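Trainee: Sequence:
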Amino acid sequence: MKNQAQKTNKFYSLFTVILMTGIFALSSGVAVQADDVKSNDLKTAETKTELATAKLKVGMFNRVKLLQAFYSSEVWAKHMQKIFDEYTAAEKLNDRKKMVEMRARTRALEDFSKKQLKGGAPLTNIFEYIWTQFPAIAKEAGVDMILEKPLYRSKNIEVVDVTQLLCDKFPLAEKNKKSEKKKPAKKK
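Residue numbers (our numbering): 1 to 188.
I should point out that these hints are in silico values taken from the structure, not numbers from a laboratory.
Hints are supplied without guarantee of correctness; some may be wrong.
[Unchecked claim] FRET-style restraints, in silico, Cβ to Cβ:
1. A108 <-> P150: 25 to 33 Å
2. V100 <-> T163: 35 to 43 Å
3. K65 <-> K98: 30 to 38 Å
4. G119 <-> D85: 48 to 56 Å
5. K149 <-> Y129: 19 to 27 Å
6. S154 <-> P122: 24 to 32 Å
7. K97 <-> K57: 47 to 55 Å
8. L93 <-> P171: 18 to 26 Å
[Claimed, not checked] List of simulated lysine-lysine pairs, DSBU-like, C-alpha gap at most 30 Å:
9. K82 <-> K55
10. K78 <-> K98
11. K139 <-> K65
12. K97 <-> K78
13. K78 <-> K55
14. K92 <-> K118
15. K115 <-> K169
16. K98 <-> K115
17. K55 <-> K155
18. K97 <-> K82
19. K65 <-> K98
20. K169 <-> K57
21. K149 <-> K65
22. K169 <-> K114
23. K115 <-> K78
24. K149 <-> K55
25. K65 <-> K82
26. K82 <-> K115
27. K118 <-> K155
28. K92 <-> K82
29. K65 <-> K115
Since the model is a prediction, treat every value here as computed from it, not as a measurement.
Where a beta carbon is used, it is the ideal one built from N, C-alpha and C, also for glycine.
Please model the entire structure based on the sequences and the hints provided.
Mentor: Put into structure tokens, the structure is as follows:
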């Protein structure tokens with residue numbers, strides 16, 4: 001548990017640095033670019049206007065869709081299978097303490113996922129699986145950063161939906177693939 005808390009703290013620290021860097025880039029990016037124009041002796045009004053109107057491209061995603069993709073994925077199925085296997089082993093050994101612990105763990109996971117759905121819990125358990133893939137996702141989407149939702153957005157920000165790119169990183173579990181095939185096609 002301590003190891004998970006350390007990972008979460010490291011994630012929040014890194015996330016804060018990234019977020020603050022992004023906010024700094026938003027607030028000072030155009031000014032820095034304008035200074036660069038001066039230093040390069042580019043005096044055309046056209047270039048200065050282009051820099052002043054340059055848009056920052058931000059990738060945004062839908063929390064609910066990402067949660068659906070993660071919790072129906074092969075990654076999650078494997079995680080839950082490990083818990084089930086531990087419970088089964090405890091049951092065979094008649095280890096009541098371990099069985100109670102495993103039931104409590106699954107209830108806690110269920111409660112946590114509900115909090116995530118309502119926006120009351122972070123998505124760190126999801127991001128830990130795709131953390132290293134964020135740069136490639138951002139590059140594929142052509143964005144400068146990825147956010148869930150901003151508190152404020154100026155007109156100089158171009159938003160790109162990256163939900164599907166994130167969801168694609170979590171292939172459906174076999175049991176969910178079967179249920180997807182059984183669903184009737186939606187009528188238009």
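Trainee: All hints are to be evaluated individually against the structure, with a verdict given for each.
Mentor: Hint by hint, here is what the structure shows:
no., hint, result
1, A108 <-> P150: 25 to 33 Å, "holds, 31 Å"
2, V100 <-> T163: 35 to 43 Å, "holds, 38 Å"
3, K65 <-> K98: 30 to 38 Å, "holds, 36 Å"
4, G119 <-> D85: 48 to 56 Å, "violated, 32 Å"
5, K149 <-> Y129: 19 to 27 Å, "holds, 21 Å"
6, S154 <-> P122: 24 to 32 Å, "holds, 26 Å"
7, K97 <-> K57: 47 to 55 Å, "holds, 53 Å"
8, L93 <-> P171: 18 to 26 Å, "violated, 34 Å"
9, K82 <-> K55, "violated, 46 Å"
10, K78 <-> K98, "holds, 20 Å"
11, K139 <-> K65, "holds, 21 Å"
12, K97 <-> K78, "holds, 23 Å"
13, K78 <-> K55, "violated, 41 Å"
14, K92 <-> K118, "violated, 37 Å"
15, K115 <-> K169, "holds, 22 Å"
16, K98 <-> K115, "holds, 25 Å"
17, K55 <-> K155, "holds, 8 Å"
18, K97 <-> K82, "holds, 18 Å"
19, K65 <-> K98, "violated, 34 Å"
20, K169 <-> K57, "holds, 21 Å"
21, K149 <-> K65, "holds, 14 Å"
22, K169 <-> K114, "holds, 21 Å"
23, K115 <-> K78, "holds, 22 Å"
24, K149 <-> K55, "holds, 17 Å"
25, K65 <-> K82, "holds, 25 Å"
26, K82 <-> K115, "holds, 23 Å"
27, K118 <-> K155, "holds, 28 Å"
28, K92 <-> K82, "holds, 15 Å"
29, K65 <-> K115, "holds, 15 Å"
In the structure shown, a violation is registered for the earlier hints numbered 4, 8, 9, 13, 14, 19, in ascending order.
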